[in-house]
Structures are given as C-alpha cells and as structure tokens.
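What follows is each chain in one-letter form.
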Amino acid sequence: MALFLFKRVAESAFMLVLGSLLCFAFIRLIPGDPAAAMYGDQLQKLTEADRLRISENLGLDEPLPVQYIHWASQVLQGNWGASYLTGEPADEVIIRTLLPTAVLLVASQVIMIGLALFFGLSSALRKDGLYDRIVLAVSVMLMAIPPFWLGLMMMLFFSIRLGVLPSSGMGAGPFSLRHLILPALVIALSHAGYYIRLFRNHFAASSSGGHLLALRARGVPHQRIVLAHILPNAAAPLIVYTGASLAVSLAGSVVVETIFSWPGLGRLALKSALAHDYPVLLAIILLSMAFVILVNLLASLLAAWIDPSLRESGAQGRSK
Amino acid sequence: MAILEVNRLTVAGERGDIISGVTFSIEEGETAVMIGESGSGKSMTARAVLGILPDGLQASGDLRFRGESVFHMTERRRRTYLGRGAGIVFQDSSGTFDPIRTIGQHFTELFSVHFGLKGQDAKQRALYWIGRAGIADPARVAAAYPHELSGGMRQRIQIALAASLEPELLIADEPTTALDLNIQADILELLKDWKKETGGTLLLITHDLGVAREMADRILVMDNGRLAEDGPARQMFSAPRSLSAMQLLDDWRTLGQVPPADQAAAPPLLLDASGLSMSYRTGGLFRKKEIQALDQVSLSIGSGEIVGLIGESGGGKSTLARLLAGLESAQDGTITWHGTKDWPDAVQWVHQDPAASFNPGWTAGRLVAEGLEYRGIRQTEREQTARHLLSQVGLPPDTAHQYPGEFSGGMNQRLALARTLAVSAELVVLDEPFASLDMSSQARMIRLIRSLRDREGTAFLFITHDIRTAFALCSRIYVIRHGQIEDSGSPGELKASGNPYTKSLLEHIPGRGVDLSNHKGGAL
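Keeping their order, the protein sequence lines are chains H and B.
7 is the number that the UniProt record's numbering gives to position 7 of the first sequence; each next residue is one higher, with no gaps.
376 is the number that the UniProt record's numbering gives to position 376 of the second sequence; each next residue is one higher, with no gaps.
Hints listed in this document are in silico derivations from the structure and should not be mistaken for laboratory results.
All figures in this text were calculated on a predicted structure; none of them were measured in a lab.
For every residue, glycine included, the Cβ atom is placed at its ideal position computed from N, Cα and C.
Where hints are given, some of them may not hold.
Covered stretches of chain H (in silico footprint by chain B; criterion: 3 or more residues with CB under 8 Å from a CB of chain B, positions within the stretch not fixed) [as the list claims (entries may be wrong)]: (1) 15-23; (2) 90-100; (3) 214-225; (4) 304-310.
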C-alpha cells in the first residue's frame, strides 16, 4: 500500500509540473497582449516605446523559459505575482472566489451523484425494460444539450416566466439557497446524463457476476445481495469516476458562473483570460489542476481501499 | 426414501425446450452422477432443482424435495431450502466469490443469514470449516481475498462454504473441470470425505467418465435435454443401454487408449532444442524475485511426430512453448530446425482459448485464410481454400460465413487448427487445447489431430496438465516440473517409469482402476 501511495503521489507531482509548463506556454498564444487589454481604447495613444516599457515592467520581454523559471521560483516561495488589472496579489483575488465556487461545486455534485445513483441503479435493476429505455432516452438528451443553452432556458423559465428564482448573483449574506438552485442544477444536469449511463452500466455489470448467482444459490436474500454485494462492487469504479466528474464540473462552472453572474473561480478565470491577466490566470489553472489531481488521487486511494485487487494492480501492474 | 424427486421437468427458453420431460429421483445417502456432453442440460437441471434459472427460462413439471414441492415454496422457505436443504458447488471457482470480500466474510455472511450467528462465534465457525476443507492455515486463508488463492484452494473453500450450512443434498456442478489432475483428485477426495462424515446425498455433475467411475453409485446420462439412461453405475459401465451412454464410453476409451508404438524408424529430426534456460523477474520495486522458468531444458521433435509436454500449472510448459513458437527468445541454449538455425515460418501456435485469439468481427472463412492474405493470394482462391480447410477439420464448409462467436469451444479449436493448415505448418504447438472441452469433444479432437498428422505430416507439440489425454495422443512425452525435464519416453515407458513424480501423475487419473477389457462396443 505504501508503494502504491508513493507511486500515485510521484505521478501527481510530475503531472503538476508538466501541466504548469504547458499552461505557461499556451497562455501566450491567446491573441492580444496585456497592454492592449489594460488600456483598451487608449491603446491608440500609446507609442511603441510605451508598450515596450509596459512589457518590460511586467517582465514579458525575456525569453519564455527564463520567464517560466522566474515565475516558478516565485510561486515556490509563495508569491503568485500581482494581478495586472487591480495590482492586488493574485492569491488574494482568487481566495475571494473560492467559497462561492466550492458551494456551487458541492451542490452540483450532490445533485448529480444523487441523480446518477438513483436512476443508474433503478434502471440497471430493470435492465432492457421500458423504464430503462426511457431513462436512456432522457440521459442521451441531457448529454446533447449544451450547458449554456440549458442555463439560459432555465433562467428564462424559472426567473422570467415564473419569477420564482433569482437569475443572477449569490444573494445577500453568506449563503442563499434560492440563488444556488439554478446554477447548481444546470451544472448537475449537463453532466448527469453521462453519469447515469455510466452508473447504470456499472451496476448492470456488477449485478450479472457469477458470485451473485452463487449467493442466491446459498440462500442470501435479494435485498442483501443488492446492498452488500452489488453496490460495494460498483462503488470502487464509481468513486474514481466521481473524482473525474469534479474536474468536468469545475470546467463547466466557467460558463455557468458567467451566465448566472456567480462570483466564483470560473467567472474570474474567464475575466482574467480576456484581460490577459497572466498571474491570476496561471494561478487559477495551477490551483484547479492541483485540486483535480488531489481529488483523483483521493478517489483512487478510496477505491483501492474498497477493492483489494486494485491495490496490487496499482503497485505491480506495470513492473512485469 | 427419495430426497429429491424430479418428475417430467421441462425448462423452456425462447428458442425451445432446453430440458424436456426429465424424470428421476435421488435416494437418501447415495451418490448420483449426472454425465453428458456440454450443452446436454446437466447444469440447467441443477439450476432448475434450486430454482435459480437464468432470466427468461421457465421450468414446469414437478420437483419435490423430501416430498415438498420446490415450485410452491414461499420466498422465506426457499431461502432456507437454498443452502441448508440443497447446497451447490459451482465449476468456476473464481467467478463464484465476491472479489472485494475476504474468504472469512463469505462464511460469516452465510452464518448470519442462515443461523443468525454473528461476531466471534461466526468467525470461529468459519475457521473450523476452512480447516475441515484440509487447509493447513485457516486464519491466513480466512483473511485472504479470493484472487489471492489458487484455483484448487478456492474450489476447496467453495465446498467448505456449501458444507458449512450442513445441507442434506449437495450438488457439485463440474467441481473438478479445468483443475490440474492431482488437484482434481484432492477435490474428489474431499467430496468423498464429506459424504462419509455426514452421510449426506451427493449429486455430482461431470462430463468426465473417469470421475463418474470413481464416485458414482448411480449414473444419469443426459443427452440433448433428455435423460437417456438411469441406472446403477456398474451397469452403465458394463452394459450401457442407450446410444449416448455407448458413445460416451467410446470417447472415454479413446482417451484411455495408448496408440500403438511407431514401428518405423525414428523420423528425421525437425526440431532440436538443447540447454534452454529462461528466468523472469517479478515483484515490486523493493522485493524483486527471480523465477527460473526453465533450467537447461533439452528436447527434440521429429517430422510428423506428436510429442507431449506434461506438467502442473507453473511448471514451465507455457514458457517452453513460447520459446519454440519463436514468441520469445531464450536467455541461454540453442534451437535448431532441420539441423540449421534458420527459423521456419511454418511454426504455428494454437491458443488455449482460441476464441480469444480470433478477431470477433471476422468470419470463420477469413480467419482461416488470413495467413494466405499475407502471401498475396487472391480472394476467390482464398475463399475456396478456406472452405476446403474447414472440411478438412470436420467443419461444414458453409461455416465459412459464420462468426467464431457462434461456435462452441470444440468448433473454435477446429477453426484454429484449420488456420495452421492454411500455411502448411510443419509444427503446431497446442497449448492446453482441451482445457475447456468436454470429454467427447476431447476424444473427437484426438482423432482429428491424429488424422491431420497422417495426412499432412504435421508435427504437434501437445501441452497439457492431463496425462490421460497425452497418453492417448502422443508417441513421446516429456514430463516437466519446476522448469526441468523430469522424465521422458513413450507412454508405455512412462507407465513403467520409476520416477516418483510421473508415478504421482499417473495415480491421479480419475477412475483409473476400471477394467474395460470385457466391455463390448465400437472400437476406434
């Protein structure tokens, strides 16, 4: 187990370094430059010398590898640089958005996993029946609907037509359930279709194993077979997928937060990208990456704890 | 008194009856053995008796356990009937355990469900039953997960699981199939012990007449969903009444018969391997283990010779086969073909599970002629050749348009052989070709391999753990153990061999004591 843990942690660290390198390089490919974004209309008035000075001030004139090493050594000392837009330290800008995004992510995950568990298990138990087909049709439809359209439609229906739910913002105070419902629902629904299918197939696969027949033949009640054997067997892969789904939801939050003016990380990411606010954008990407890797690491540890055969394949699989 | 009465049992599926009107009864305390080819309805009968048929199948007729109708049991009553009334041991030992529960948990769950026993009491009882299955270290095994045990161990545990509920009737469905012969013998011994100690009733299902001969008081012969014969074991073996029983006996004798020794002079040498050594490193980063798979192995195969390679799992058989097929190269030693080092392109390998080695999206015809594609032969010609080759291995030429998924295990083995014919193989390596075939298919394959050798002059290397089939097929046999050639010679020489390992292999042939010389019937 220690070896398994060591391998996974080493893998994670490597991925983080590689990811930061790629992001650092690719971020420069976004058309436009920070000076243009900062000064907007007044850009015409700037001379070539002014623009060069801005670049120099920001340290953008040096070769990319030098910039990266400079940035990475700063980050390792806990200095994320200052936002080009506001001049505040990047980490402070980000920390303000963490709570709203965390609330949104947790809420959408709870809804999504709930839906996937309920519809996945119930349709797997009635495999190939009418109910299973209806669930299949609905989940395929959910997969096909783009989240921004779903968001706009729900906003149109619940906020404008019915007027029962607010259309934007987080509301006053630390936590408003009414403001949370729509954005969380949109993120959950836009991924639920895929996860319902996935969960259903896993439950179906784990309910056709020979050991279930053996349990039945030994007089173990059906209810116990479902709860003590089918569910735990399906749990290991499902936990792994749930870890992956957090990453997907985090990515989905960029669009949804923007539509619903949710003051979270996703909206900040979009804003920083449009403004070429490199320090903030890099910090967001790195943080998201670390978060996703960490969640996946925890998920695979949890799965290995449930399923003993994963422990061995993880530790020895590739050494043969 | 009859413990189980089956009256006109019919199991109907979508495509017709799987079992039609089977009637028999099993007396208290006897061992009834149900034999028949695969697909004859043996396992389905067992599942019908327990009321655990697959979805979509419907049983009708009358089934009585101690006079009580099984079909009319309440759900609650059925749960005590299952396990405590009638217990079952399945063939596939790895698939019948929950992979994420320890062996101990499998026992304690049953004790909690059936006896309301929990905690330490249940654990103690589990250890007791694991110990009774002849396992030296019950505590360690109880803490192990199913995948950490060998196939033989798991099968012992399966029997202990069934026995721990103290059933009145124990159904064992092919409990020894796909196990090494010496482990098969242990499992049969364990079942005998169970019977002796508890006086219980045993219904054993097998395709192997050797097993039947060793265990049965009474024999039920199934054929195509019907009961073909039902009578005392002695009678079935000495004077079978039904055609299916005669056919089964005939197949069994094919397996028990040693071919006449080659009178001709030794054939020209095809392959000569000497001093082959191979070792693997396994284990993780910190605990490397070096396993000597082969240690200075020498063997030779003549043109058109059928040579056997026998040994237990893990003895080095497959490693040697991979070296000879050119899939890996040896770390030490030399292999020569026709006295030179040139590797002929006509060495073919037939996988243990041929279906797994076929592209499922290709038709049988295309699979057979694949080798010809690489030689640039035109399609119309390939199709003709494929049809011809299929008929050579006893498959109807029209199967060329079918997919391997529609074939039985025996048909897939034939298809694999037809592939080797397409490229006129000089040597065909057969890796445990009979592991998943029933006895009758084994006998048919033996006849086919012999006739291919006679017609095409192909040499075969036959790898198996089953000394019986090796005796029936091979003119010369190597016995391999722990990566070394332990013994070698013709079947006759091996039978008289003083080697203790060869002797122990011979002792484990099921039903070996039977004398068939006074039995009349179609000879080969």
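Now for the hints, and whether the structure bears them out:
Restraint check on the segment 15-23 of chain H versus chain B: 0 residues with Cβ-Cβ distances below 8 Å, three needed, restraint violated. Judged by the Cβ-Cβ criterion of 8 Å, the segment 90-100 of chain H is not covered by chain B as claimed, because only 0 of its residues qualify and three are needed. Counting residues of the segment 214-225 of chain H whose CB falls under 8 Å from any CB of chain B gives 9; the rule of at least 3 is met. Counting residues of the segment 304-310 of chain H whose beta-carbon sits less than 8 Å from any beta-carbon of chain B gives 4, enough to reach three: the coverage restraint holds.
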